[in-house]
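Visitor: From just these sequences and the hints, can you work out the full model?
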Amino acid sequence: MKLSITRTLVAAGLALGLAAVTLAPAQAQGSSTTRAQVKMDRDTFLAMARYDVENDRWVLKDNMPMPAGVPSRDEVKAMRDKFLSMHTWDDNNGLWVPVKGAPRDMSKLTREEVKAEGIRFLKMHRFDESTSSWVPRGR
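Residue numbers for the sequence shown follow the numbering used here, so the first one is 1 and each next one is one higher.
Quick caveat, the hints were computed from the structure, so don't treat them as lab data. Just so you know, not all the hints are guaranteed correct.
[Unchecked claim] Straight-line Cα separation of at most 25 Å, DSS-like style, residue types lysine-lysine; simulated pairs:
(1) K82 x K115
(2) K39 x K61
(3) K100 x K123
(4) K123 x K77
(5) K108 x K123
(6) K82 x K108
(7) K100 x K82
(8) K82 x K39
(9) K115 x K100
(10) K77 x K61
(11) K108 x K77
(12) K115 x K77
(13) K61 x K82
Since we're looking at a predicted model, the values are computed, not measured.
Guide: Okay, structure coming up:
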């Protein structure tokens with residue numbers, strides 16, 4: 001899937017923003033939000049986002065810069081690769097164990113081994129956007 005984790009995070013935020021904007025007129029009875037403010041919010045959102053029909057969600061437009069503090073796709077991949085170089089899978093215990101000594105040189109593994117470890121890692125971990133770190137699934 002070509003949609004990056006960070007774009008997914010931004011898309012989720014934009015979708016929540018859109019929900020707030022579209023629900024604002026119904027809830028605005030008695031509030032100080034004016035129709036002009038709601039239209040301005042909608043126009044700002046539509047200038048930043050587009051609807052991705054394939055994935056059925058709002059995503060940040062390609063020419064829009066990422067918000068401050070959101071790690072890039074390359075940074076997230078680097079964090080995953082660092083974890084994989086510092087840990088190895090223990091089949092006997094069914095868990096990741098730290099490598100003793102220096103980190104593993106992933107370039108010495110076969111392509112199939114790297115792919116298998118990457119898939120295993122992604123099945124067992126998820127990226128937590130709030131802390132910008134990989135956490136075990138189930139948390």
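Visitor: Any of the earlier hints contradicted here, and which numbers?
Guide: The structure conflicts with hints 8 and 13, although it agrees with all the remaining ones.
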